[in-house]
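Chemist: Position one of the sequence shown corresponds to residue 1 (this note's numbering), numbered consecutively onward.
There may be inaccurate statements among the hints.
To be verified - Straight-line distance between alpha carbons at most 30 Å, and here's what the computed DSSO-like set of lysine-lysine pairs gives:
hint, residue 1, residue 2
1, Lys-70, Lys-58
2, Lys-40, Lys-62
3, Lys-56, Lys-42
4, Lys-56, Lys-40
5, Lys-40, Lys-58
6, Lys-46, Lys-56
7, Lys-76, Lys-62
8, Lys-58, Lys-76
9, Lys-58, Lys-46
Don't read these hints as lab results, they were simulated from the structure. Since we're looking at a predicted model, the values are computed, not measured.
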Amino acid sequence: METSVVSVLGLVTFALLFIVSGGVVYLTLAEWRDRRRQEKEKRENKLPGAGRRQEKEKRVEKVRDRRQEKEKRVEKVRDRRR
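Can you make the complete structure from the sequences, with help from the hints?
Modeler: Here's what the structure looks like:
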């Protein structure tokens, strides 16, 4: 009788240990998977060259606009002199 109680308690102990260990492993893997997914989304949303490319295009556009404005002013001055 005492042996069966000790055996049952031992089995219950190992079952609980197995369940808790499995839960810890599951939560660790789930967190790792979520972290990888978030990092992937972050990389996709913020491509390394995309922001720089857009900034460069804006700067080029500004320079182009300034040149056009300057050419217009020069033409106005030339027209006045004629």
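Chemist: Each hint needs a verdict: does it hold in this structure or not?
Modeler: Taking the hints in turn, this is what the structure says about them:
no., hint, result
1, Lys-70 with Lys-58, "holds (18 Å)"
2, Lys-40 with Lys-62, "violated (34 Å)"
3, Lys-56 with Lys-42, "holds (22 Å)"
4, Lys-56 with Lys-40, "holds (25 Å)"
5, Lys-40 with Lys-58, "holds (28 Å)"
6, Lys-46 with Lys-56, "holds (16 Å)"
7, Lys-76 with Lys-62, "holds (21 Å)"
8, Lys-58 with Lys-76, "holds (27 Å)"
9, Lys-58 with Lys-46, "holds (18 Å)"
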